[in-house]
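Trainee: Each chain, letter by letter, is given below.
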Amino acid sequence: MRLLCINNDGAGFADYVDVTEGTTVRQFFEAHIVTPNPANYLIRVNRQPVAQDQILCDGDRISITPTKIEGATGADSMVRR
Amino acid sequence: MRGRTTVFHRAAVAVHERLCLPENLPSLSLPIESWQECQRLVRLIEKARHENLSAAVSRMEADLAAAIQRVTGPLHDYERAAASTKSRGRSTTRDVLADLHALASEFDDFSISVNRHLITVRTDAVVLESVDLGRFEIVLNWHLLNETGAYEVIAMDERPAAASDDTTHPHVQSNSLCEGEGKVAIRNALRDGRLYDFFVLVRQILHSYNSSSAYVQLDEWFGISCPDCGSTTTDDDSNHCEGCSTTTCCECSSRCNDCDDYFCSDCIRTCTGCDNDTCSSCRSLCSECGDGFCKGCLDHERCSLCHESEQEETNPEVVTTAASTV
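Top line first, the protein sequences correspond to chains E and Y. With this note's numbering as the guide, the letters of the first sequence map in order to residues 244 to 324. With this note's numbering as the guide, the letters of the second sequence map in order to residues 1323 to 1648.
Just so you know, the hints here were simulated from the structure itself, not pulled from any lab data. Quick caveat, the model's predicted, so the values are computed rather than measured. We put the beta carbon where it would ideally sit given N, CA and C, even for glycine. Heads up, a few of these hints could be off.
Claimed, not checked - Selected chain E positions facing chain Y (in silico; Cβ < 8 Å):
no., residue
1, I249
2, G253
3, A254
4, G255
5, F256
6, L285
7, R290
8, S306
9, T308
10, I312
11, G314
12, A315
As the list claims (entries may be wrong) - Pulled a few chain E residues facing chain Y out of the computed Cβ check, cut under 8 Å:
no., residue
13, D261
14, A274
15, H275
Can you build the whole structure from these sequences, using the hints too?
Mentor: Below is the structure:
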């Protein structure tokens, strides 16, 4: 089956990913994050918080966002109106 | 409830229309002149070959290769841009609508102004290392989705750094967030119209602190405490001691008369000769009396008093004569 995965740990590209039937949120997370500590990430399926043992379904949208994203200073990174 | 649904739907349609504008594609200007140059060169090469002008042929073949590149280059650029636009998973109206509903659940304060093209969420109080910076509003203008300055981060509770009224968060100055590690993810979220991801990313940056790259560090948020007098001062009204690296208020720091650097009271002394402030690097001891002097008050490692007394001992008559003349 196929999921839309948005990994905001880095570039935050949205990509379609093929996974096997019965894959849980935890298994998917551990397979896609280098140092998979769930406490350090907001994991949403179809934009909703989920239990780690929830089984993913075909067409689900899963997003993984770090809880800590370090800002910076500097003109090159600044966004001004 | 019905009113909210209508507003959400109108906003979703408007955002999607904005996403569909082909503004990210480079303008396509067909390289007609370069193509005509290629045709001209082919004709000339044919003619030169016919007349056995081998040197001219090889020169014009090189020119033709360059002209072909001028034709294919812009076309390849456009082809690549069009392909990446197609494959980047841009949100549909339904996706945007789902994002808006999810944002309304994720944030307690969430509003849409269809007329002003604004989506606004309000965060909870941001507390970093025990410093309560208050709540922030994240305001996105969907007319500027693909441009810099698409959003502002506005402090609601006015708790700026003591040193800078414009700095409301270690990574926010003049309502602009310095996105740091989140920059690319935010750009991609806005480009694809993933509004939910965008607002969550910005919120998570606001809840994070990078001390090595902050406009104002949190341990100096309320000002700097002067170690000498205990008063609170700001970065602009303090000096960094070149001797021991402490930061003291302007009143408690002195400038060395010789090197012009600033020093705290522990690292600066008074010259015995002229009473000017002198740092330990510029201050030397008189080899005779052992007192401390600035550079200007020592001559051959001795102070003027020691020079005079030596002169008195070696040539007492000169001193006596001079004294009687006076």
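Trainee: Now look at each hint and say whether the structure bears it out.
Mentor: Against the structure, the hints:
A hinted interface residue such as E:I249 counts as satisfied when its beta carbon comes closer than 8 Å to some beta carbon of chain Y; here the least separation is about 6 Å, so the hint holds. Given the 8 Å rule on beta carbons, the hint for E:G253 holds: about 7 Å separates it from the nearest Cβ of chain Y. Against a cut-off of 8 Å between C-beta atoms, the interface hint on E:A254 holds, since the closest Cβ of chain Y lies about 5 Å away. About 3 Å separates the beta-carbon of E:G255 from the nearest beta-carbon of chain Y, less than 8 Å, and the hint is met.
Annotation: E:F256 was flagged as interfacial toward chain Y, and the flag holds, the nearest CB pair being 6 Å apart, inside 8 Å. Checking E:L285 against chain Y by beta carbon gives a least distance of about 7 Å; that is within 8 Å, so the hint holds. The interface hint given for E:R290 holds, since its Cβ lies 4 Å from the closest Cβ of chain Y, which is under the 8 Å cut-off. For the restraint placing E:S306 at the interface with chain Y, the shortest Cβ-Cβ distance is roughly 6 Å, inside the 8 Å limit, so the hint holds.
The restraint placing E:T308 at the interface with chain Y holds, with a minimum CB-CB distance near 6 Å, inside the 8 Å limit. Of the supplied interface hints, the one on E:I312 holds, with its beta-carbon coming within about 4 Å of a beta-carbon of chain Y, less than 8 Å. Taking 8 Å as the C-beta cut-off, the interface hint given for E:G314 holds, the closest approach to chain Y being about 3 Å. For E:A315, the shortest C-beta to C-beta distance to chain Y is roughly 3 Å, which falls under 8 Å, so the interface hint holds.
Interface hint status for E:D261: violated, as the beta-carbon distance to the closest one in chain Y is roughly 15 Å, over 8 Å. Because the smallest distance between the Cβ of E:A274 and any Cβ of chain Y comes to about 20 Å, over 8 Å, the interface hint for this residue is violated. Hint status for E:H275: violated, given a least beta-carbon distance of 15 Å to chain Y, over 8 Å.
The structure is inconsistent with the numbered hints 13, 14 and 15, although it conforms to all the rest.
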